[in-house]
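Trainee: What follows is each chain in one-letter form.
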Amino acid sequence: MSALLEVENLNKHFGGLHALRDFACTVQRGEIVGILGPNGAGKTTLYNLLTGFIPPDPGARIVFDGHSLLRRPPYRIAALGISRTFQLCRPFAGLTVLENVVVGALGSQRERGADLQARGRELLARVGLAGREEVPVAVLSYGDQRRLEIARALAARPRLLLLDEPFAGLGSGEMADLSALIRQVHAQEGLTVVLIEHKLREFMSLVQRVVALDFGAVIAQGTPEEIVRNPAVVEAYIGRDAEVAEAAHAA
Amino acid sequence: MLRHRLDLAAAAVLVGAMAVLPLVFPSNYLIGVLTVSAIYGIWAVSWDFMSGLTGRENFGHSLFIGVGAYTAGFLNTSFGANPWWSLPAAMVVSVLFALLIGLPTLRLKGPYFALAMLSGSVIMQRLMLIFWEHTGGEEGINGLAPLIRSQLGFYYFVLGTLVATTVVLLALARSHWGLILRAVRGDEATCQAAGINVTFYKIASLVISAACAGAGGAMYAHYQLQVSPQLFAVVTSITIITMVYVGGMGTIYGPVGGAILLVLATELLREFGEWRLMVYSCALILILFFLPTGLVAPLWQRLRGLLRRKGKDPLVPVAADVMEQQA
Amino acid sequence: MLEILIVGAVSSAIYAMLAVGFTLIFGVARVLNLAHGSFYALGAYGAYWLTSSLKWPLLPAALASIGAVALFGVAVERVFVRPMRSSQLAVLMITLAVALVVEQALFLTFGSEYRNVPGFVDAKVTIGGVDVAGSRLLALAVSVVVIAALWLFIQHTRLGSAILAISQDAQAAQYVGIPSDRIFSVVMGISAGLAAAAGILAGPFLSVQPTMWLLPIVKAFAIVVVGGLGSIPGSIVAALMLGYAETIVAYAASTSWTEIVSVLATLLMLVVRPAGIFGRRAAF
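Protein chains in written order, with the numbering used here: chain D, 1 to 251; chain C, 1 to 327; chain G, 1 to 284.
These are calculated hints, taken from the structure and not from any lab test.
Just so we're clear, the structure is a prediction, and the values are computed from it rather than from any experiment.
One should not assume that every hint holds.
Pairwise CB distance ranges, derived in the manner of DEER restraints [to be verified]:
hint, chain 1, residue 1, chain 2, residue 2, range
1, C, D7, G, S52, 55 to 61 Å
2, G, L59, C, F131, 49 to 55 Å
3, G, A170, D, S2, 46 to 52 Å
4, D, A118, C, F131, 41 to 47 Å
Beta carbons are placed, not taken as given, at the ideal position from N, Cα and C, and that holds for glycine.
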């Protein structure tokens, strides 16, 4: 099984700050990979680099399904089959729920015409927003906006889905629902999913493999069980997130 | 759908009224007023298509109008071309200007784009004065030939163009194109992440807007039979924006009503003489405070809801929320 | 050569006063105030009216005019800008409408002919063999003093610190109890006063007519884009660049081309480096 995404030698400096150091990672088709790291570890920077919103330092190698992603504008990278969500929900204000999802599909040009509406409705039903198609998006609760974001990201029929802290701002019930949705989507659509989080509980049961970041560098890679026992990870988290200690005990 | 049939009926009534009016009240003055309001309608609709949908308010629309008009002026007088060449030529030149000024400025946030376009129109006005030897300076270019000798005939031509322009732009606005433009207003980065080439759509919509405005400018030139730097004035741009506000931003059809209303109001204000522009400016301030969603489109939507006997229609997304979100 | 140096300096100084006011209100309130040019015009007309109709001596007339315009600026902020603050475009529209009303008011009161604001100093001074109008030197001197005073004020007073705080982070400033609204009014007043002063100083060698508000706005915008939005040092540097560029063009080609300089500079800067020279915050 060939790798879907190969990243090597990925660095990013912001002025004097070395935000991401020698990041390297391979994601196989069909995996669910988690990127773990406290705030400021460089996770969102990583996504911005992968999706073309900021350019990496010279010497990086990013290959998605045989195509190099370097020097491509974000819309072209998305068209290749990568969809992402953002840390803060960013719905298209002024549009309805259904319109939001349809726009998500418009960019990929993989579908046309009336099919877009049908696919939009189907996706909304899948994420649990059926019946709210005509609602203006500003009215939705935060949890519903998250679901909408996922529906919108899926509308483009991506092969790789990059989720940026999808559980942020959700209550525990909503987190469980979202987790189930991600698992279901992964299974049904055959998607490869990469997930950034710094909250561990849901994360650990969802992902198959974890890459842990701290201060822009990879400090550990492995299965969830291995990661919580990894001394470097524990040290990075002790005092900053008591959940890790909890998870370590629970694992 | 009943909603669309009602829309169609209303449009037919309005167009029919505008076509029949000069026949019922034969008066050159009336035809003149209606012609001017139809041309302003073209300008207002073209502005709304770009700025109303994307939320990028263009404060320099007069740039494209003036450019189209001067193109007509030069072609017709200096080159002696047949006036009918003015229209396509004006569109081409306006498109060139749209690309020239749009490419560097469209990536700017709303207010800066607005000011950049304003600067563009101001500078074009100055350029017309600076190169007075070629452009006729303050007096501009005189002696253009009319497109159609019959005043009534010309009016019907302009009216037809207005209808065609509105129909085409409305269709575009209701299609995926319009959806993308409105999404761009919502959040550009997310559009990019969804695979949409935002730059292309912004520039394309500006180009379309400019082409229509330029064509309108050429028509205006062949109506007034003269061209002057006043066409580039800020007042022209602001008048058009006011028409769109009154009509209902983002609706495409509303600005037609706004244009007609405002041209009529301006005529009625003629007795104020020198005070006209002052009254106008004060009215603009009042409109900005009290009618941010406009007059024509919201009224029509309420009327349409009543006609369907279902109460108020859910409003087509209009600028109210845009004004809240833009920051 | 020396003439270019001095005339360029004078232009730059006046532009700097205009631009600093413009960038100040932007930095603090994120407001692009299109009525800024109106303050400039009102300053000039105010001094003109007080000296020619009421026969006041020039200095009191100038000071009174500046004060009145500053108060007017505060009023504009309170009545027109504040309700629209939620949307930058709404602020743009309303300040533009105010500018139009002011233009019409000036037109109706004074007519559209060009007026002459008397200069403070009629004498000519000779420097290094070059005749320079005394009023130009005065304009230069006053501008430099005023801008230096403003800089000191911002760096060394509590109010100045509050202004800096708000321009860095408006919400955080509110959390620590800085009364942002009151400060916006003060800044608007200062900004308007600066513009009025620029109008009075420039009056003797620029024509005064009701539409004189528009070109200063275009230039102030150009300077602020080139120098960096919200950056006072940037505005000063850019004002110098623009002032000298215009003067050189005027001597080398003709005065008609000077206005193009500012627009070309704006467009070029936007293409090459939209954040401006010193801008931290880009215009996009």
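Trainee: Against this structure, judge whether each hint is valid.
Mentor: Results for each hint:
| no. | hint | result |
| --- | --- | --- |
| 1 | C:D7 to G:S52: 55 to 61 Å | holds, 59 Å |
| 2 | G:L59 to C:F131: 49 to 55 Å | violated, 42 Å |
| 3 | G:A170 to D:S2: 46 to 52 Å | holds, 51 Å |
| 4 | D:A118 to C:F131: 41 to 47 Å | violated, 58 Å |
Going down the numbered hints, you'll see the structure goes against 2 and 4, while the others check out.
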